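Enquirer: The lines below spell out each chain.
Protein chains: 2
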Amino acid sequence: MLAFERAEYLGRIAKTKESMERAGVDVALVINQSNMVYLTGYDGRSDYVPQMLALASDAPEPKLILRQQDVPCAVHSVFLQTDNIVGYPEDHIGSERKHPYEYVASLLKDWHLDTRRIGIERGGAPITPISFDRLSRALPDVKFTDITGMIARQRSVKSPQELVYMRQAASIADLAMQTAIDSIDAGVRQCDVAAKVMAAQIRGTPEFGGDRPVSPAMPAGVRTSSPHLSWTDEPYTDAMPINIELGGFRRRYVAGLSRSIHIGRPPPRLVALHEATKAGMAQALAAAKSGNLCQDVEAAFRAMTRRHGFEKNSRIGYTIGIDWAENTASFQRGDMTVLEPDMTFHLMLGMWYDDWGYTLSETFRITDKGGDSFATLPRELFVK
Amino acid sequence: MLAFERAEYLGRIAKTKESMERAGVDVALVINQSNMVYLTGYDGRSDYVPQMLALASDAPEPKLILRQQDVPCAVHSVFLQTDNIVGYPEDHIGSERKHPYEYVASLLKDWHLDTRRIGIERGGAPITPISFDRLSRALPDVKFTDITGMIARQRSVKSPQELVYMRQAASIADLAMQTAIDSIDAGVRQCDVAAKVMAAQIRGTPEFGGDRPVSPAMPAGVRTSSPHLSWTDEPYTDAMPINIELGGFRRRYVAGLSRSIHIGRPPPRLVALHEATKAGMAQALAAAKSGNLCQDVEAAFRAMTRRHGFEKNSRIGYTIGIDWAENTASFQRGDMTVLEPDMTFHLMLGMWYDDWGYTLSETFRITDKGGDSFATLPRELFVK
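The listed protein sequences correspond, in order, to chains A and B. Using the numbering used here, the first residue of the first sequence is number 241, and each one after it goes up by one. Using the numbering used here, the first residue of the second sequence is number 241, and each one after it goes up by one.
Just so you know, the hints here were simulated from the structure itself, not pulled from any lab data. Just so we're clear, the structure is a prediction, and the values are computed from it rather than from any experiment. Hints are supplied without guarantee of correctness; some may be wrong.
Since copy identity is lost for identical chains, a pair holds within one copy or between any two.
[To be verified] With a Cα cut of at most 20 Å, we get these calculated SDA-like pairs of lysine to any residue:
(1) K436 with Q308
(2) K349 with D287
(3) K303 with E245
(4) K338 with S554
(5) K338 with G363
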């Protein structure tokens with residue numbers, strides 16, 4: 241049931257230890273749940289309570305520190321030896337007096353890790369200022385090094401098996417989008433379409449099922465000016481635009497996909513924006529080859545859409561993999577990250593204006609010839 | 241399209257200002273997204289980037305501070321005047337140099353709020369230690385007061401319209417659970433059942449649709465020892481136990497519901513655990529009347545299950561409303577919170593052992609006669 245061979249997890253841990261050495265830390269406290277998934281396979285959904293992974297440079301495996309109740313979630317999903325899964329007592333949940341981060345501090349002392357150089361993810365992870373205060377006060381002699389982004393950066397380039405899951409995720413995304421296109425019509429409730437779309441995301445294909453999905457953004461009408469609104473229980477009406485951004489999910493990997501749909505004949509400005517964005521996507525993908533910089537991809541898109549009289553004022557893509565956003569490189573001005581083969585990006589071309597908008601997006605990998613998209617759906621403005 | 245009348249939002253804001261006065265703060269920086277929803281109706285899903293609400297004690301409305309791109313999400317969902325919705329520039333996203341919390345600091349200065357007593361949610365909200373450092377360094381003269389939990393506590397007692405949404409959510413949860421019971425069978429893939437369950441959660445009823453759902457936990461087989469694992473794409477088999485914990489979602493309110501299902505004749509120990517837990521639930525609900533303490537509910541449950549030879553070692557419930565857990569009162573030893581009418585709780589009786597488990601849960605409100613459950617599904621161990 242492991243998503244990857246044990247050897248792949250051990251390779252990731254070895255790479256992390258190299259990064260730790262460069263960062264000058266002997267112990268890494270990893271709090272971002274995607275990083276915990278990456279290093280161990282952990283498949284519980286439990287990061288609404290404190291949890292972390294502690295990796296010591298001289299230990300063969302990390303320790304996974306979870307709420308006691310979630311220890312079996314790890315037993316059934318991680319590659320670790322069972323004694324490397326450690327629970328903190330249940331009376332630390334919902335308590336004013338006992339704090340899980342103080343328990344973590346006592347574990348680090350027990351393991352004699354508190355005298356070593358400790359790195360911790362102080363950003364991009366579900367640790368609050370209060371939790372960090374509790375940890376620091378319980379370990380007053382420790383000077384923590386921030387390692388935010390260290391592991392996420394190493395996740396950028398995907399392995400062959402990771403690419404298998406991302407392509408599977410993308411084919412699920414294609415199916416889910418086709419379901420939306422097929423079921424949207426005037427008079428149909430938005431929530432009834434959403435129900436079919438999310439069912440398609442989870443059902444997957446006869447060969448493989450989908451993982452837990454994030455709900456699609458699918459604003460309709462004037463709400464297409466906004467990126468992150470979803471369905472209502474109102475019916476669609478004639479002459480209505482709909483923007484859909486959804487993911488395919490497979491073994492914790494995601495592939496994002498966006499299309500716009502119009503009920504009835506689309507207005508000329510929407511057709512023009514679609515043509516501009518589609519042409520811009522082709523240029524961006526052509527520029528997305530190894531050796532180029534992230535900002536080159538954005539520049540290629542900008543040049544083409546500007547020629548069509550349109551301009552996008554936000555980044556046009558970001559690294560994607562486990563969960564939606566890795567928060568490392570972005571396609572935007574000033575991002576000098578050098579593109580490497582098998583980095584994966586969500587090229588997200590949302591064009592939002594005051595009371596209308598349009599979306600087109602695909603997930604792809606970098607090759608030496610340009611971006612290799614995982615999507616197979618036509619780049620159309622779908623008309624119903 | 242507002243979920244509540246303007247007067248209800250204004251009432252919530254007035255209550256918050258009273259709490260602020262008691263806490264000795266003139267300005268509240270509210271970062272927990274559920275609190276932002278509660279005070280304004282905000283319906284975007286965007287708290288993966290920094291965002292907050294700033295409420296000054298002498299201003300009629302709060303300011304909502306979002307990423308520029310998400311301003312239209314607010315325009316289409318909040319009760320505020322448009323000039324109280326403020327965006328920070330897109331070049332603060334995915335940037336190493338520009339930090340949204342520094343922009344927030346400049347806004348607070350522009351609004352002359354930086355010279356007043358500022359409270360901020362430093363826990364229970366998606367603010368990292370790094371973000372708080374950036375804010376503090378940009379406002380070196382401000383001494384922040386922590387207001388974690390202040391607004392969540394005021395959300396505990398629900399208004400009549402909130403109770404309408406929670407009952408609607410609970411009826412959706414009933415439908416979704418019935419869908420699971422109907423579709424589970426040996427040979428059926430777990431993901432195919434999950435697809436039907438989530439479709440039922442979103443479709444809702446002919447009168448009202450469901451909101452964006454959280455994926456159900458639905459471990460099967462030995463994985464029933466764990467609370468927070470979900471489906472796989474393997475088929476169910478004969479003689480297999482399944483635990484399902486799911487929510488009904490309606491206008492951002494949730495009602496949790498759990499049942500256990502067994503394919504084939506259940507083993508005697510599972511039947512015994514079901515009977516014990518069911519009897520314990522009746523005792524807990526009887527004890528859940530206004531005037532009693534939270535710990536009394538747990539004690540009533542413990543006494544009954546112990547009589548049956550079982551013991552649960554984690555809390556047996558918590559406040560629920562907007563999103564799943566309000567992180568205020570819990571049914572556990574030592575929680576002296578006094579129960580008040582129309583507080584709502586998820587009574588979550590997950591009984592987990594080394595390689596098996598059982599779940600029974602319902603969402604209910606406190607009355608002077610005991611807990612009034614919103615669930616209508618029989619409290620059975622369902623056998624397929």
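Enquirer: For K436 vs Q308, is the C-alpha pair at or below 20 Å within one copy, between two copies, both, or neither?
Expert: Answer is neither: 37 Å inside a copy and 31 Å across each miss the 20 Å cutoff.
Enquirer: Given a CA cutoff of 20 Å, do K303 and E245 count as a within-copy pair, a between-copy pair, both, or neither?
Expert: Within. Shortest intra-copy distance 19 Å satisfies the 20 Å Cα cut-off; inter-copy 50 Å does not.
Enquirer: My question is about K338 and G363: at a cut-off of 20 Å on alpha-carbon distance, are they close within one copy, between copies, both, or neither?
Expert: Classified as between; 15 Å across copies, 24 Å inside a copy.
Enquirer: With identical chains treated as interchangeable, where does the CA-CA distance between K338 and S554 reach 20 Å or less: within a copy, between copies, both, or neither?
Expert: between (43 Å within a copy, 14 Å between copies)
Enquirer: At 20 Å max between alpha carbons, let me know whether K349 reaches D287 within a copy, between copies, both or neither.
Expert: neither (23 Å within a copy, 34 Å between copies)
Hint check: violations occur at hints 1 and 2; the rest are consistent with the structure.
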